[in-house]
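Peer 1: Work out the full structure: start from the sequences and follow the hints.
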Amino acid sequence: MSLSGAASLLPIPFRTLFYREVHRFFIVINQTLLAPVISAVLYLFIFGFSLGNRFGSFHGFSYLHFLVPGLVMMGLVNNSFQNPSSSLMISKFEGNIVDILMAPIGHVEIILGYMLGGMFRGLLVGTSILLVSSFFAPPPFSHPVYLITVALLSAALFSLLGIVAGIWAEKFDDLAMFPTFIITPLTYLGGVFYSISILPPFWRKVSLLNPLLYMINSLRFGFLGVCDVNPWWSLASLAVLDAALFGVCYAMLKSGYRLRR
Amino acid sequence: MKTIPIPDPPVPALEVRSVSKNYGAVRALDGITLSIPRGELFGLLGPNGAGKSTLINIITGLVRRTSGDVKVFGYDVERDYRATRSLLGAVPQELIYDHFFTVRQTLKIQSGYYGLTGNAAWVEELLERLELKEHENKTIRELSGGMKRRLLVAKAMVHRPAILILDEPTAGVDVALRRSLWNLVRQVHAQGTTVVLTTHYLDEAEELCERVGIINHGVFVALDRKETLMQQIHNRRVTMELGARVERLPEDLASLGATLSEDGRRITLLVDRSDGSLQSLVAALGRESLPLVDFQVAGAGLEDVFLELTAEPSRGAGSRGPAGVAR
Chain A
1 MSLSGAASLL
11 PIPFRTLFYR
21 EVHRFFIVIN
31 QTLLAPVISA
41 VLYLFIFGFS
51 LGNRFGSFHG
61 FSYLHFLVPG
71 LVMMGLVNNS
81 FQNPSSSLMI
91 SKFEGNIVDI
101 LMAPIGHVEI
111 ILGYMLGGMF
121 RGLLVGTSIL
131 LVSSFFAPPP
141 FSHPVYLITV
151 ALLSAALFSL
161 LGIVAGIWAE
171 KFDDLAMFPT
181 FIITPLTYLG
191 GVFYSISILP
201 PFWRKVSLLN
211 PLLYMINSLR
221 FGFLGVCDVN
231 PWWSLASLAV
241 LDAALFGVCY
251 AMLKSGYRLR
261 R
Chain B
1001 MKTIPIPDPP
1011 VPALEVRSVS
1021 KNYGAVRALD
1031 GITLSIPRGE
1041 LFGLLGPNGA
1051 GKSTLINIIT
1061 GLVRRTSGDV
1071 KVFGYDVERD
1081 YRATRSLLGA
1091 VPQELIYDHF
1101 FTVRQTLKIQ
1111 SGYYGLTGNA
1121 AWVEELLERL
1131 ELKEHENKTI
1141 RELSGGMKRR
1151 LLVAKAMVHR
1161 PAILILDEPT
1171 AGVDVALRRS
1181 LWNLVRQVHA
1191 QGTTVVLTTH
1201 YLDEAEELCE
1211 RVGIINHGVF
1221 VALDRKETLM
1231 QQIHNRRVTM
1241 ELGARVERLP
1251 EDLASLGATL
1261 SEDGRRITLL
1271 VDRSDGSLQS
1281 LVAALGRESL
1291 PLVDFQVAGA
1301 GLEDVFLELT
1311 AEPSRGAGSR
1321 GPAGVAR
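Quick note, the sequences are listed as chains A and B, same order. At position 198 of the first sequence (counting the first as 1) the number is 198 in this note's numbering, and the numbers step up by one without a gap. Position in the second sequence (from 1) plus 1000 gives the number in this note's numbering.
Since the hints were derived computationally from the structure, they do not count as laboratory data. Each residue gets a CB set at the ideal place from its N, CA and C atoms; glycine is no exception. Incorrect hints may appear among the rest.
As the list claims (entries may be wrong) - Just the calculated beta-carbon pair ranges, DEER-fashion:
1. D1203/B - I29/A: 48 to 56 Å
2. G247/A - R1141/B: 32 to 40 Å
3. L131/A - Q1191/B: 53 to 61 Å
4. E1078/B - S50/A: 58 to 66 Å
5. S50/A - N1137/B: 43 to 51 Å
6. I27/A - G1024/B: 37 to 45 Å
7. P140/A - S1144/B: 52 to 60 Å
To be verified - Some residues of chain A that are not near chain B, with every Cβ distance over 12 Å (derived):
8. L34
9. Y43
10. G56
11. S62
12. I148
13. F172
14. P185
15. S197
16. F202
17. V206
18. W233
19. F246
20. Y250
Peer 2: Printed below as a string of structure tokens:
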């Protein structure tokens, strides 16, 4: 069966919502795709080339090789989050959220439509960063199946978080709290730019409370075959978090929380 | 789209039973009961904040009722929400749109939400009928207010709903568009669609609707056929045109409350047809030798009904209002 043939088996409302979510971010591609890729390339130059020599090697890999999985994950989670959260917030702000709320679309279809739209954008940005980075430090792809699984689960997790945030937020300022106070600090402190092995014991233990640390290291394991944490426990935890957040989204939609008065 | 089976009559198109809605301490709807048979063109009237939009939003699923039942062709709007939303099409009051997309993309997406992909011919017809065809590739930002309003109507009709709800569809549109929307409503209704119309323009309800419900402070203060409601307003405005100027109003007419225009060529008065005033007027005219050239009696319009019923305190309206008042 062809891809389009398989897609035609999916419910039309879900496919429509997915199409809308993807089409929406392609309309503003400079902002949604090019900007994060350029930011990642700048990080690559500043940290990888300028300061990289000071960090030494990581399990035999150059600092540039170490850095790339972190940058890919950073682009992936940020954009997976931003797509559904900004889409929902804009829809609520402009009022067109009623198009979804008055239509005969099931709660699961709504979640999947927004989630897959966010995942698509996150994975597209992550892949673009990887492609550009590969010119400077082609990664070895040690565990490709694991790598793809982690990327999918991470994108799903942050898309689901984006749905929660988009429903919860009542104004754009509420929404800005997530990247400012949660995602960016956890990403920067989650080992994008350094291995926690260089931290003092206390801060190493504190870092282990950061879920982004496991995601970034899991992706690093997929690429390089080495990381700071147990990759299999990380994968299992990621799957559990995905399921839990899906449940939260479902409960919010079913109850009409901040959507239906 | 999965076809939703519509049960045979007597199941009404829309049934609202004892529906209440509280927003915190504010009671927006207070035990509303309403039954709209299939194929009716029903007018829902009321002043701002009366509860019209709350009722419509409960029917469409945007607002959760506090108590009561709402059924669309026998399906519960919360339990069987997929069925009821497939049967309903609603034009919201506000000009809301998704500015990322063009007119055609908007209708394609709206069709998809209702599970439709093969309705291109109907979309084409809607674009033609609503005079949007030449604007189909414009983004919504590029449309005028009237075009946006027409697009909202097209969106509501894209899945050929069995019930079309129009919440103030002609607010802020010019006379020509208003007339064209009226024609469209008539056509859709003639094809068997049940139509629920809320409007501030009472002439619109008078022109289009068969039955009217007037809501105030969350309760129906009137619910009947519009002719019946208008019959219940007793005042008639009588205008007499005179062929020659008269200097002074005859005593008999002055005692009935008549007034003479400044140019002395027109006498007007309000006559309550229930208290014998009309008979007194005819007798007075017989006694006076006025140079009458024209005599007009204007009946009450829906506006008179509306003003009379919504001006009085809502809680007492039922006991003092005309027959046909619903609580």
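Peer 1: Would you mind marking each hint as holding or not holding in the structure?
Peer 2: Okay, the hints, checked on the actual structure:
The hint said 48 to 56 Å for the Cβ distance between D1203/B and I29/A, and at roughly 50 Å that hint holds. The hint said 32 to 40 Å for the Cβ distance between G247/A and R1141/B, and at roughly 38 Å that hint holds. As the Cβ distance of L131/A to Q1191/B is approximately 55 Å, the hint placing it in 53 to 61 Å holds. Between E1078/B and S50/A the Cβ separation comes to about 60 Å, which falls inside the hinted range of 58 to 66 Å.
For S50/A and N1137/B, the Cβ-Cβ distance of about 48 Å falls inside the hinted range of 43 to 51 Å, so the restraint holds. For the pair I27/A and G1024/B, the beta carbons lie near 40 Å from each other, so the given range of 37 to 45 Å is met. At roughly 59 Å, the beta carbons of P140/A and S1144/B sit within the given window of 52 to 60 Å. The beta carbon of L34/A sits about 18 Å from the closest Cβ of chain B, which is more than 12 Å, so the claim that it is off the interface holds.
Against the 12 Å criterion, Y43/A stays outside the reach of chain B, whose nearest CB is about 30 Å from its own CB. Interface exclusion of G56/A from chain B stands, the closest Cβ pair being 48 Å apart, more than 12 Å. Separation of S62/A from chain B is adequate, the least Cβ-Cβ distance of about 42 Å exceeding the 12 Å criterion. Under the 12 Å C-beta cut-off, the non-interface status given to I148/A relative to chain B holds; the minimum distance is some 29 Å.
Residue-level check passed: F172/A sits 16 Å from the nearest beta carbon of chain B, beyond 12 Å. The claim that P185/A is not at the interface with chain B holds, since no C-beta of that chain comes within 12 Å of its own (minimum 31 Å). Every C-beta of chain B lies more than 12 Å from that of S197/A, the closest at about 46 Å, which supports listing it as non-interface. F202/A, annotated as away from the interface, keeps every beta carbon of chain B farther than 12 Å; the closest lies near 48 Å.
Every CB of chain B is more than 12 Å from the CB of V206/A (nearest about 42 Å), matching its label as outside the interface. At roughly 40 Å, the least C-beta separation between W233/A and chain B is larger than 12 Å, which holds for a residue marked as non-interface. For F246/A, the requirement that its beta carbon stay farther than 12 Å from each beta carbon of chain B is met, with the minimum near 20 Å. Distance to chain B confirms Y250/A as a non-interface residue, since its nearest Cβ pair spans about 15 Å, more than 12 Å.
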